[in-house]
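S.K.: Single-letter residue listing:
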Amino acid sequence: MVHRKRGKAGMHMKRKIGLIVNPVAGMGGSVGLKGTDGDSYKRSLELGARPVTPLRTGDFLAHIRNRADIELVTAPGVMGEVHIGDFGAPATVVGAVTGDTSAQDTRRIAADMVSQGIDLLIFVGGDGTARDICDAVGLTVPVVAVPSGVKIFSAAFAFSARAAAEMVDAFIDGTSVAEQEVLDIDEDAFRDNRLASRLYGYLLVPDVKRYLQGGKECSSVTKSAVETKAEVASHILEEMEDDTLYLLGPGTTVKAIADAAGIPKTLLGVDAIAEGRLVGSDLNEESILALLQKFEKRCIIVTPIGGNGFIFGRGSKQFTPDVIRRVGRDHIIIVATPDKLVKLEALHVDTGDFQLDQVLAGYLSVTVGYKETMKMEVRG
Amino acid sequence: MTRPIDLSMNEMPFPPPEQVVTAARAGLALLHRYADQRQLDELKALLSRYAGVPTSYIVPGPGSDYLLREIIYAFSGGRKVIIVSPSFMPTVQKAKQFATKLVSLRLSPPAFRLHPDMLWDELTEPALVIIDNPNNPTGTVLLDRRTVETLVAHEDVRLVIDEAYFEFSGVTFADMIVDHPNLAITRTLDKAFSLAGARIGYLIAGTPFRDIFAAFRALLPQASLHAAIAALQSVSYMEDNVRVIMAERDRLHERLTGLHVPVYSSHTNFLLVSTGISDIASRLRERGVVVSDVSNQCAEGSIRISIGRPEENDAFIDALRAVLG
Numbered sequence: 076m077v078h079r080k081r082g083k084a085g086m087h088m089k090r091k092i093g094l095i096v097n098p099v100a101g102m103g104g105s106v107g108l109k110g111t112d113g114d115s116y117k118r119s120l121e122l123g124a125r126p127v128t129p130l131r132t133g134d135f136l137a138h139i140r141n142r143a144d145i146e147l148v149t150a151p152g153v154m155g156e157v158h159i160g161d162f163g164a165p166a167t168v169v170g171a172v173t174g175d176t177s178a179q180d181t182r183r184i185a186a187d188m189v190s191q192g193i194d195l196l197i198f199v200g201g202d203g204t205a206r207d208i209c210d211a212v213g214l215t216v217p218v219v220a221v222p223s224g225v226k227i228f229s230a231a232f233a234f235s236a237r238a239a240a241e242m243v244d245a246f247i248d249g250t251s252v253a254e255q256e257v258l259d260i261d262e263d264a265f266r267d268n269r270l271a272s273r274l275y276g277y278l279l280v281p282d283v284k285r286y287l288q289g290g291k292e293c294s295s296v297t298k299s300a301v302e303t304k305a306e307v308a309s310h311i312l313e314e315m316e317d318d319t320l321y322l323l324g325p326g327t328t329v330k331a332i333a334d335a336a337g338i339p340k341t342l343l344g345v346d347a348i349a350e351g352r353l354v355g356s357d358l359n360e361e362s363i364l365a366l367l368q369k370f371e372k373r374c375i376i377v378t379p380i381g382g383n384g385f386i387f388g389r390g391s392k393q394f395t396p397d398v399i400r401r402v403g404r405d406h407i408i409i410v411a412t413p414d415k416l417v418k419l420e421a422l423h424v425d426t427g428d429f430q431l432d433q434v435l436a437g438y439l440s441v442t443v444g445y446k447e448t449m450k451m452e453v454r455g
Numbered sequence: 617m618t619r620p621i622d623l624s625m626n627e628m629p630f631p632p633p634e635q636v637v638t639a640a641r642a643g644l645a646l647l648h649r650y651a652d653q654r655q656l657d658e659l660k661a662l663l664s665r666y667a668g669v670p671t672s673y674i675v676p677g678p679g680s681d682y683l684l685r686e687i688i689y690a691f692s693g694g695r696k697v698i699i700v701s702p703s704f705m706p707t708v709q710k711a712k713q714f715a716t717k718l719v720s721l722r723l724s725p726p727a728f729r730l731h732p733d734m735l736w737d738e739l740t741e742p743a744l745v746i747i748d749n750p751n752n753p754t755g756t757v758l759l760d761r762r763t764v765e766t767l768v769a770h771e772d773v774r775l776v777i778d779e780a781y782f783e784f785s786g787v788t789f790a791d792m793i794v795d796h797p798n799l800a801i802t803r804t805l806d807k808a809f810s811l812a813g814a815r816i817g818y819l820i821a822g823t824p825f826r827d828i829f830a831a832f833r834a835l836l837p838q839a840s841l842h843a844a845i846a847a848l849q850s851v852s853y854m855e856d857n858v859r860v861i862m863a864e865r866d867r868l869h870e871r872l873t874g875l876h877v878p879v880y881s882s883h884t885n886f887l888l889v890s891t892g893i894s895d896i897a898s899r900l901r902e903r904g905v906v907v908s909d910v911s912n913q914c915a916e917g918s919i920r921i922s923i924g925r926p927e928e929n930d931a932f933i934d935a936l937r938a939v940l941g
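Just so you know, the sequences run in chain order W and A. So for the first sequence, this note's numbering puts the first residue at 76; every next one is plus one. So for the second sequence, this note's numbering puts the first residue at 617; every next one is plus one.
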């Protein structure tokens with residue numbers, strides 16, 4: 076990691092800051108799609124997905140303290156301009172968009188903003204958006220990445236919209252910037268049913284580590300890790316009750332439980348088990364809610380994302396606030412290998428529902444072996 | 617070839633005083649004999665005076681690890697065993713063989729605080745709680761009096777506090793031993809007393825714990841026993857050294873902060889440093905400084921540095937600066 080020192084902002088010098096919003100980021104989550112790239116966007120609309128970014132962008136803009144020190148330039152229409160009301164100050168519009176927005180629009184407008192001399196670029200989106208920004212600006216200007224996508228694995232993103240707002244304030248106060256990774260799921264590995272994230276590039280981000288989510292580490296495939304997962308699976312299977320619905324989230328540790336039970340499991344989807352058999356595969360929110368109505372006792376089994384520790388809000392957005400509330404905090408089973416946990420400062424939740432995040436915050440036990448748990452702090 | 621500077625084992629960089637070395641030599645002359653009971657009694661009396669507890673509450677042993685292992689064998693059966701993470705008590709993993717469950721309470725940076733709520737939820741069944749205070753490798757004091765009082769108020773709890781670094785932290789719960797038979801404290805002369813090579817530990821504990829060792833006659837090595845007695849007769853030497861190390865620790869902390877390297881507050885003779893460089897330990901070793909790589913328990917690139925002599929600490933800073941470029 077390279078740290079670059081910055082001088083403290085002058086008393087009266089405004090910072091020129093750009094804003095680009097990916098209006099379709101995050102829409103696939105609640106309907107069980109794993110992104111909104113290409114056809115997935117149209118499919119998510121057909122499935123009744125609602126835009127996520129307006130809420131995120133509004134929450135983010137409303138929590139910036141140093142607004143008076145910002146000269147805001149924004150992308151047009153739904154890519155930024157329509158959110159300016161939440162910022163409460165005028166902004167200059169850069170570029171134009173005709174028809175549906177696209178990745179090309181993001182890249183073109185970002186490059187235009189850089190040529191107009193912005194000091195910082197804020198973007199709202201997911202890993203796909205981060206890749207576009209990476210292509211367009213590289214390391215020429217620092218960025219603040221506001222999470223709103225379905226697949227968010229890149230370390231460059233802030234933990235939440237509010238953390239992103241604090242990063243903007245820290246930038247204005249003169250915090251140095253550092254390179255952070257932009258990652259994405261390796262599509263080839265995904266098709267091969269392996270969860271592998273790959274490094275795409277770097278972005279310069281205000282160096283406030285407590286607001287950043289670490290990059291997703293690929294799960295270890297060493298023999299000992301496999302053995303540990305088998306041990307975890309063995310313990311969970313022993314504790315499972317026949318009359319309970321188990322909703323299994325993504326990840327290799329959770330999949331090991333299904334494997335041990337001889338039940339097929341999607342790697343990145345949510346699947347359901349009851350009475351020792353599969354009762355739902357690759358579920359979206361709607362089908363999960365339908366299943367929850369059929370069972371009085373229900374549990375969610377999840378594993379934290381390696382490197383950033385999210386148990387809800389990254390990669391498994393089918394577990395919407397409604398689903399999590401219906402299952403209840405006491406019925407969340409977290410599993411992980413110890414080597415993954417010791418790299419984490421804490422577990423994290425960012426469900427998009429601030430109050431639910433606070434309910435989930437505190438301490439939760441993670442099963443890390445047979446009759447072995449590690450109690451971790453959960454930060455909302 | 618120049619010998620590397622070893623800052624990896626939390627030893628004192630200063631050798632024991634001359635009278636301790638002389639006493640150890642006298643012990644060597646008795647290698648054909650087991651330790652004399654009168655000398656064992658003398659050691660217990662000195663430890664009792666040093667710890668401020670009655671002699672009957674003291675059990676010396678060949679290293680605190682040994683004492684801890686015996687306690688785990690005796691008390692983990694049918695109990696939940698609760699420990700903290702990160703922690704470096706290798707014997708604790710043995711508990712898995714006998715315990716109903718092994719629970720690690722994860723300490724989160726930057727404060728590495730043990731929040732009492734983490735503990736209370738776990739005390740729903742008989743438990744053996746083992747906590748190193750201050751914690752290794754974070755250097756943090758985890759327990760306060762109120763937490764210890766609440767823990768020992770649970771009759772089903774056996775609490776073991778490892779005070780290996782007591783001389784640096786000044787925090788002890790030894791005065792609670794007489795009133796709380798379910799409390800035990802392990803300590804060592806390895807660290808502050810400059811006797812790592814002698815391996816003398818001791819237990820301060822009430823009857824339930826001491827009963828484990830009732831049939832155990834501390835057959836300590838002659839040289840170690842003689843050295844320990846002499847060291848406890850000249851405590852001021854240790855105290856002077858501890859003051860030097862603590863001043864050096866604060867100086868090193870300041871220098872690391874000056875290099876913008878994350879370093880945590882410590883109440884011990886070591887510092888936990890988070891460099892973010894995954895092969896930092898081997899790169900420092902290439903430059904002649906050996907530190908402990910603790911990234912298997914902490915964040916990637918975390919190292920634990922024992923506080924050495926001023927010139928050793930400076931050499932470490934120079935090596936680190938070279939690695940950082």
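It should be emphasised that the hints constitute simulated quantities derived from the structure, not laboratory data. The reader is advised that the hints may include incorrect statements.
Claimed, not checked - Sample of chain W residues facing chain A (criterion: CB under 8 Å; computed from the structure): (1) VAL153; (2) GLU420; (3) ALA421; (4) GLU447; (5) MET449; (6) MET451.
Every residue gets a Cβ at the ideal spot worked out from N, C-alpha and C, and that includes glycine.
S.K.: So, for every hint listed, does it hold in this structure?
M.R.: Each hint, compared with the structure:
The restraint placing VAL153(W) at the interface with chain A is violated, with a minimum CB-CB distance near 38 Å, outside the 8 Å limit. Against a cut-off of 8 Å between C-beta atoms, the interface hint on GLU420(W) holds, since the closest Cβ of chain A lies about 5 Å away. Annotation: interface hint on ALA421(W) holds; nearest CB of chain A at approximately 5 Å, less than 8 Å. For the restraint placing GLU447(W) at the interface with chain A, the shortest Cβ-Cβ distance is roughly 5 Å, inside the 8 Å limit, so the hint holds.
Hint status for MET449(W): holds, given a least beta-carbon distance of 4 Å to chain A, under 8 Å. Given hint, MET451(W) at the interface with chain A, holds; its Cβ is 5 Å from that chain's nearest Cβ, closer than 8 Å.
Against the hints set out earlier in the document, a violation occurs for number 1 only.
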